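Protein sequence lines, in the order shown, are assigned to chains Y and E.
Heads up: the first sequence begins at 8 in the numbering used here, then just goes up one per residue.
Heads up: the second sequence begins at -14 in the numbering used here, then just goes up one per residue.
Simulated from the structure, these hints should not be mistaken for laboratory data.
As the structure is a computational prediction, the values presented were derived from the model and not from experiment.
All C-beta atoms in this analysis are idealised placements derived from N, C-alpha and C, irrespective of residue type, glycine included.
Incorrect hints may have been included.
[What the hints assert, rightly or not] Cross-link-like lysine to aspartate or glutamate pairs, in silico, DMTMM-like; alpha carbons within 20 Å at most:
{"#": "1", "chain 1": "Y", "residue 1": "Lys139", "chain 2": "E", "residue 2": "Asp95"}
{"#": "2", "chain 1": "Y", "residue 1": "Lys31", "chain 2": "E", "residue 2": "Glu154"}
{"#": "3", "chain 1": "Y", "residue 1": "Lys224", "chain 2": "E", "residue 2": "Asp95"}
{"#": "4", "chain 1": "E", "residue 1": "Lys584", "chain 2": "Y", "residue 2": "Asp19"}
{"#": "5", "chain 1": "E", "residue 1": "Lys323", "chain 2": "Y", "residue 2": "Glu90"}
{"#": "6", "chain 1": "Y", "residue 1": "Lys39", "chain 2": "E", "residue 2": "Asp581"}
{"#": "7", "chain 1": "E", "residue 1": "Lys323", "chain 2": "Y", "residue 2": "Asp34"}
{"#": "8", "chain 1": "Y", "residue 1": "Lys139", "chain 2": "E", "residue 2": "Glu154"}
{"#": "9", "chain 1": "Y", "residue 1": "Lys112", "chain 2": "E", "residue 2": "Asp95"}
{"#": "10", "chain 1": "E", "residue 1": "Lys331", "chain 2": "Y", "residue 2": "Glu38"}
{"#": "11", "chain 1": "Y", "residue 1": "Lys139", "chain 2": "E", "residue 2": "Asp364"}
{"#": "12", "chain 1": "Y", "residue 1": "Lys31", "chain 2": "E", "residue 2": "Asp95"}
{"#": "13", "chain 1": "E", "residue 1": "Lys324", "chain 2": "Y", "residue 2": "Asp135"}
[Said to hold, decoys possible] So these bits of chain Y aren't anywhere near chain E, every CB distance computed over 12 Å:
{"#": "14", "residue": "Pro9"}
{"#": "15", "residue": "Asp45"}
{"#": "16", "residue": "Gly83"}
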Amino acid sequence: MPIYNAPLLAIDAQETKRYAGLMKARDFAAEKILEACDNARLLAQPRGIWEIYDYDCQAQMIKSQPSCQLQGKKIGQHLAGCEKIIALSVTIGEDVEDDISARFKDGEYTLALLMDAAATAAVEQIADGMEKALAPKMAAQGFAMKWRFSPGYGDWPLEQQPELLRLAQADKIGVSLTTSLMLLPRKSITAIIGLYRKQENSVPSHQPENCALCSQKNCPARKV
Amino acid sequence: MSKIEIFDGAMGTMLQAGGLQPGACPELMNVENPDVVKNIHRAYIEAGATIIETNTFGASPLKLEHYGLTDRMAELNTAAVAIAKEAARGRAKVAGSMGPTGRFVEPLGDLSFDEAYDNFFAQAQALAAAGADYLIIETCIDIQEMRAALLAAKAACNIPVICQLSYSEDGRTVTGTDPQAAAILLDAMGADIIGVNCSLGPEELVPIVKTLAENCNCPISVLPNAGMPYLKDGETVFPMGPADFGQWGVKLLEAGATYLGGCCGTTPEHIRELAKAVKGQPLPKRKKQAKKLWLTSRSKAVCIDKELPTRLIGERINPTGRKKLAAEIREGSLLGVKKEAVNQVKAGAHLLDVNMGVGGIDQAAAMQKAITEIAQLTDAPLAIDTSDAQALEAGLKAYPGRALINSVSYEPERIAEFLPLAKKYGAAILCLPITPDGVPKTAEERIDVMHKIIAAAKEQGLDDGDFLLDALVMTVSADKSACYEVLITLQMYRERFGYPTTMGLSNISFGLPNRPLINSTFFAMCLAAGLDAPIMNPYDESMQNTLMAAAALLADDPNGLAYSKNAANLAAPKGAATAKVTELTPLAAIKQAVIDGEKDEVPILVENALKAGIDANTITEQALTAAMTDIGVDFGAGRMFLPQVLLSAETMRAAFNKIKELTPVSQSPEQGTVVIATVKGDVHDLGKNITGALLANSGFKLIDLGKDVDSTEIVKAAIENKADIVGLCALMTTTMVQIDKVIEDLKTAGCAAKVMVGGAAVTQEYADSAGADAYAPDGVKAVELAKELVKK
């Protein structure tokens, strides 16, 4: 159950803009976005945890104790050819959301919305940071990493969220689920990364296509 | 550095070939199958290795825990050294290998610095006691783990310590440390040889070796992989063959490394070719590095030097005289401290001074926490500002870089306690010419005291490059020669020592009026006299302006290029923004201000309109509501985006507040009452908050029940408040079903309120089937729909 709390020296302003639905907006004040990024960064408490398991891609079975059968065609396709998987969870804690709610109450709507977007960008960065820390470890053993896949992507049912939290031991970093399967704190991520043996001259398939998979066609943050 | 040493190559793969089973502890072979290990050593020595590594990479107590072998730690390490020595029979030296724990040290991970230290101390002691010639700490990716291991190794024995980090393709360790920062820090901490191994092949390591060699005077070691492994015909292979590997060895030698060997994927053949290729090659020409004052954070190195532009040391993380910050620190909150860190760096600070001097708290704990958190937030190197030796050590231990100690005076306890800590942790010191008798008045006396401090520091093993000299600023209103003595002191520091200089500036003007003028004038004089790194408030505009001008005058900013750019900005025409609106009618101006989100401007416009005799209702309808209608159209057409709409809502709010303030009697007509909630089980309230904000500022009375709200509570609030509309929000399919329940309960309770629903997973179809009166895909549409619903 290794812990890795990636440092957060800056929150990506461009991603924050995207999550705020400002992709196509011209002349939106850049300093407002930077202020939101700084505010979110001060309140973020990045934490992360991961665990590696053997994986049987024929049976879509994670060989944990007890084992875990993955449901859904998409996740099965995504992990085809993988020998192992990494179950991971990251969060930036609850302080950011508390502050965002307080700001909404105080009428600072814009900053609150932008901070929410910055917090989303931040938690993605923390997950990226964890992947970055894992990649060389895996590469040294001859493994390449698939991109992160989370419950709710494609047809992977949210109902497997509790299993994933168990596999990643997410409770150790304070991540839990509501009865309706929502992550707490809200700005948290759970995901699986498939590990496959790198072939000679193989092209890495590490390009995420998360937006393409999502059914929210009108999402303001959707990448075209 | 007098000759080339050849390290051996990979151990793990050789052990597997010798019968190590997958999942078994490799170090157990040292006692259960010592001949296999010995034969590997022999093969490498015969191939030309002059240093062999013991089979102890994973033999630290924490690593052995995986196999339940912690209690055999000493035995396994002792046996490993004995086997290596037997194999070498004097033909090669033996390096005791210490690999990482596999866990990250706090705050990146859950391993405490002390636990890491104890782990490496035990192993280092065992290896040294068994007769190892070197210790090699290798494959580390977390500089804190390396620091703990190096401190432990130095404390456990007196044999030379080799420190090797692993870098990724971006030239940094995965935790962000670059080879320059690593070389400076590890050199200062007393590493004997600094290097790199694993992760990359020799080609990628050439620039890293170069950077290491340029940033320290230690010998450099490099043990590359034979390229990156991949699967070929069902087997993991490393692509680089022995001959290529050997040729790259020559390039690595030229780049500055004199200790050369191999890591993953290398074999005795690789080492043979390497030894052959570098034999007889000239030793690398390394320029002896002049010792300059470098400080580092986890991911950045900063130099303070008379040849370089001025470096600002931000002074704001200091609770002295700041009640709010002091109270926060006392309560254990670091939010204010963290804000100061981020804002000072943004304002141009290159380093940050950290002072946690609040009475009645555990100084050491406070410093440790502050240093840890600030170091996670910014890459500006830190100065640890304390008079408490325990707090100093706590801060130094927690800091993943080379810190500056603020400060060492010529007072017995500082000399006795602070200097050994500086040496141990590789910190630089800010030298303050104060004696137990007080502050020496003249420059000549200050120089004398400074000589004594430097001599005492050098006695402790500190050296050029470790010192920052404080010129000591006194108050000119109490001592007319205070400024003059500082200027002379600065000049003499430069002439007599050549070390960089610092000082806190603002003391000079104490007791005088218009202090900023005195401060900035004094600052300019000091910069000319040789001040390199002022400790100051980086938010102070007059000081920043002085610095900018001085940089142009003193050639730090050649030909004033940066100055020209900046001065042009300062001269930007003002008032253009206000000019355009004056041409509009008062109502049109308010409307435009709302659309543009000019929330600071709108209260004045509203006030002017009221003064001009336009009544509140007209303003509301013809300016504010009209603006919202236009915004709705632009939003729907994709010309305006949510944050901009919210900015307009804030502007509406400011306008309404002004109207209420100036015409308290004029009851602005309410559109209706909306009870809004995110349904039970759902904790996502962003969409609900946005919709609520827009409704509240479009004339609706809003009752926001929050998130995760039970149906009974919603029904109760709707009835009690005689709600016209109930707004329900659900994000996911798992919580959407609650909408049905609330609608049913509202009906059962006889509540006549219209129901409007929304949320990411909710659709028009779903809304219809649940019996909702309206479905709002977004907040803007919700306002429009709400207006229609109340008319029905």
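Tested hints:
With a C-alpha separation of about 18 Å, the suggested pair Lys139 (chain Y) and Asp95 (chain E) falls inside the 20 Å cut-off, and the hint holds. With a C-alpha separation of about 34 Å, the suggested pair Lys31 (chain Y) and Glu154 (chain E) falls outside the 20 Å cut-off, and the hint is violated. A hinted pair counts as satisfied when its Cα atoms are at most 20 Å apart, and Lys224 (chain Y) with Asp95 (chain E) does not qualify at roughly 40 Å. For the hint linking Lys584 (chain E) to Asp19 (chain Y), the alpha-carbon distance of about 27 Å lies beyond 20 Å, and the restraint is violated.
Under the criterion of a C-alpha separation no larger than 20 Å, the hint pairing Lys323 (chain E) with Glu90 (chain Y) is inconsistent with the structure, at around 43 Å. For a cut-off of 20 Å, the pair hint linking Lys39 (chain Y) to Asp581 (chain E) stands: about 14 Å separates their Cα positions. For the given pair, Lys323 (chain E) sits about 30 Å from Asp34 (chain Y) by alpha-carbon distance, which is inconsistent with the 20 Å threshold. Proximity of Lys139 (chain Y) to Glu154 (chain E) is assessed by CA-CA distance (about 11 Å); at most 20 Å being required, the pair is judged to hold.
For the hint linking Lys112 (chain Y) to Asp95 (chain E), the alpha-carbon distance of about 36 Å lies beyond 20 Å, and the restraint is violated. As the CA atoms of Lys331 (chain E) and Glu38 (chain Y) are separated by approximately 12 Å, the hinted pair is consistent with the 20 Å bound. Taking the CA atoms of Lys139 (chain Y) and Asp364 (chain E), the gap is about 19 Å. The hint holds against a cut of 20 Å. Taken as a hint, the Lys31 (chain Y) and Asp95 (chain E) pair is broken in the structure, with Cα atoms around 42 Å apart against an allowance of 20 Å.
Under the criterion of a C-alpha separation no larger than 20 Å, the hint pairing Lys324 (chain E) with Asp135 (chain Y) is inconsistent with the structure, at around 25 Å. Separation of Pro9 (chain Y) from chain E is inadequate, the least Cβ-Cβ distance of about 6 Å not exceeding the 12 Å criterion. Not every Cβ of chain E is farther than 12 Å from the Cβ of Asp45 (chain Y); the closest lies at roughly 6 Å, contradicting the non-interface assignment. Residue placement check: Gly83 (chain Y) keeps its beta carbon more than 12 Å from all beta carbons of chain E (closest about 21 Å).
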